[in-house]
Amino acid sequence: MSASPHAGPAGSCDVAVLGAGPAGAAAAIEASALGLRVALLDEQPIAGGQVYRAVPGIAPVRADRDRAEGDRLRSTVADANIERHFCHRVWHVERVDDEWRVHALGPEGPRTVHAAALIVATGAQERHVPFAGWERPGVIGLAAATVLIKAQRILPGRNVVVAGVGPLLLVVAKAIIEGGGRVAAIVDANARGDWFAHARDLVSRPDLVARGIGWIRTMRSHGVPMLHGHILRTVDGDTRSLRAVAAPIGRDGHPHAEVASTELLCDAVCCGFGLMPATDVTRLAGAAHAFDPARGGWHVIVDADQRCDLPGLYAAGDGAGVTGAAAAPLQGRIAASAVARDLGRMDANARGARGKKRGSVRAARFGTAMTQLASVGDGAIASIPADVIVCQCERLSRRVLDGAIDDGCATINDLKSATRCGMGPCGGRLCEDTAARLIAIRTGRTRTDIGQATGRPPLRPVDLDALAGTFDYDALPMPVPSPL
Amino acid sequence: MSATSANRYDLLVIGAGIMGATAALRAAQGGMRVIVVERDVAGSGASGVNAGTLSLQIKRVGLMRYALRGYEWWREAGEAVGFKRTGGYTLAFTASEQALLEERMTKKRDAGAPIELVSPAEARAREPALSDRVVGASYCAADGYADSTRTGPYLRGLLRAANVHLHEHTLARSIDAGGDGFRVATPGGPIDARRLLIASGAWTASVAAMLGVTLPINVRVNTVSVTEPGPRRLHAAIGHATGLLTLKQKANGSYLIGGGWQGRGSPATGRGEVDGETLLQNLRLARFAVPALAHTRVLRSWTGFEASVADHYPLAGVLPGVPNAYVLACVRGGYTIGPCIGPLVADLILGREPELPLFDPTRVLAVTTRDGSRAGDGRVPGK
Amino acid sequence: MSNSDLRITRNVHRGAPIRFQFDGCGVDAYEGESVAAALWASGIRALPAGDGDGPPVRALFCAMGVCQQCTVSVDGVRVEACRTTVRAGLDVRSRP
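Chains as they are written, first to last, in my numbering: chain X, 1 to 484; chain E, 1 to 383; chain C, 1 to 96.
Think of the hints as simulated: they come from the structure by calculation, not from any bench.
Don't take every hint at face value.
Straight-line distance between alpha carbons at most 25 angstroms, and here's what the computed DMTMM-like set of lysine to aspartate or glutamate pairs gives [unchecked claim]:
| # | chain 1 | residue 1 | chain 2 | residue 2 |
| --- | --- | --- | --- | --- |
| 1 | E | K107 | E | E79 |
| 2 | E | K250 | E | E353 |
| 3 | E | K250 | X | D465 |
| 4 | E | K250 | E | D360 |
| 5 | E | K107 | E | E122 |
| 6 | E | K250 | X | E394 |
| 7 | E | K107 | E | D347 |
| 8 | E | K250 | X | E258 |
| 9 | E | K250 | E | E103 |
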């Protein structure tokens, strides 16, 4: 790698980019093209994020459009003049003395990257709505199914129920069929006509609409039962012999008492209820967030140049609001340009990535429409039976959470302190959205007032020995002993 | 102020942590009509986020009598606060640490704590998980811990049962002092009281400033970490000769690591931040002391604010220069000691003689004032 | 070399077949696969519950290092199975 004209001390760079998906990769490459010294960090062994996820060693013989796009992304990242830190888990970010310290753990041990600017491009995470049995072996996420099928080339099952809401339902169902499996049924919380409500925004991307229509045709031609306006209420049975019960719901998400449920026999259930921005890094950094259902819920607030409200902090891609893979690269480039300008490294005449607004607006409209199609009414949450486990890590049922809410828990942090909901290893990623909705339903408070759980390090569980490394007892900088 | 005496409280306490709540309870017991206002929820400050250590070995010599009494409150609270009497070891790994340990523990034992010095072999025989690098140790059978997250709900229950009014999510915005007492402005409206107790933990200085009193309070930002559950290896609570480590394995198998390593932040923003570097040092010290920590995963680290003054003794008594106003804060080891000292201050407020000496806040003003005209001689109280 | 019925056979290049250990039993896999995916393909979907009793937790849910449910021990270190690549002879345990 040729020396950057602005080389700093080892372990330091102009900008650290977290996440090597479409937004992060584009940000890193653009920043490098603008002459900045860039460090790109990602947990996975290669670039691609979730949407273009792949593993070294497993590849299709004939790449489809997504795979080709992902391979292109990977090769531009590999060729770029940047520091790449793959297989690195970032566990803390802090701003000290006008620079960011990004603490990560990689295969060779701990590493701290010092950067003047930080671009957070950590993408989205899946929203889950609990049902009886959602914690059983054999039930996986929709996003998990895409990882299994696309990256690992393994089917979730041979006869799979695909359930939840949003565009991923068809993506997963199609992938299962292409992989030689059967889809026992698609259980879609949206009513059949919901797609048309968003027709105006969807036609901003006719290519993607055509693709979606093609997928629906595939379902029909394979005789896949499509249960529109239904949600899963129960899954039981044994590992590969599962019984799923899907109930019809009204517009508001409440099950119809009088209409019969449908029983589905299958060997796996894939479920997911749309994507939400992953806000853990920006929360930890202390940036301001807002709640907007059109963007997938809580998201970090960014200006037109992808700047957050903290100096030196930027966000791009689904983490700033779920707008999809098409909109992500442009946001990444915009963020990189903003970094270069803010660091005083951009030529005043340089074009930068401020243009191409129209393409960005179109892409974002489509992405937003997709996000709005990936929501389910409050009734689906309100009708969760009391015994259903909401917080899987701490095994807390809805009944326990309701009790704490009735006792006065008004914010998600209150609920967390009172019940330990969200204090387990997953850090609330599976349960916080549901818990917040329960508070909203029960108290009438807004999601904004209910808030997000306070961000705390480590961002993901980290091995204590790996963090501590080898050290000399005598070298520990002991502060003065406490007073006698 | 035109409030009628019907809706004027006898005592308004600002802060529903251990200090404020136990003082409020005692005052109510003594016949006063009491209200507690709390900016967040009961026990959301240091009382609810500390590592839960109830160790006599880490208490100051001058506060040992108070610690012994406070400890009894925790023991009686029992299961409601997750109280566990596990015994505790304090460890030394170098000759100078051992000297420090012996000197300190001898004094603390003389002050009333059942502490004995033990050999490394004895310590490791009883606690095999301890490092083989221990060169000296002390043991106290009474040491243990409680679940600090239960502090808030427990205090809330006690306050309710005692008919003490508790207004949570209620910030005291300003305080007017007049002939009849105090009027505290809150988002829910003004509250009147004849007497005022400031028990606001790390926010005590800013609350006192509302009455024009400047208290030279320092705020520390203590870091605590918790790991995933692991196999049961450690039974006793573990400390370090310097006081810079607390380590325990909870009933569910997870380890709680503390010791006062400093993060960043201030009560003004309400937000503390974990410092990555000091966190690592804290974890290293814990790992060194108990090698069984190897390969547990750290789940979460957080910070809590702890207030103190220069001599590291409490502020417990009248608020200087303001009649009928009192302050209780800056108690190092406040988690253990709070339930003793809160009621003592309440006794003062009730006009009774507290059973143990209090800690006159005017002494800190005497130390910092320039013209030397104040009363108070800076003498260390409690002796 | 066994190939479970869940491994997709059309349009795929896999790495070499390898074998690793899970709780003392041999599991067939291919280079490049994650431990969680390989277990899933072998029909192993459950891990014994952490506290000994209670229903089994599962060996896969999110497949991306978020849910932590697939946490296993490799050489005594707790790792997410979905983020651990299989290696010949890898010794994976469900409990520490």
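Taking the hints in turn, this is what the structure says about them:
1. K107/E - E79/E: violated (32 angstroms)
2. K250/E - E353/E: violated (40 angstroms)
3. K250/E - D465/X: holds (20 angstroms)
4. K250/E - D360/E: Roughly 38 angstroms separates the two Cα atoms, so the pair is violated.
5. K107/E - E122/E: holds (22 angstroms)
6. K250/E - E394/X: It holds: about 15 angstroms lies between the C-alpha atoms, which stays within 25 angstroms.
7. K107/E - D347/E: violated (29 angstroms)
8. K250/E - E258/X: With Cα atoms ~49 angstroms apart, K250/E and E258/X exceed 25 angstroms; violated.
9. K250/E - E103/E: Measuring from Cα to Cα gives roughly 30 angstroms; hence the hint is violated.
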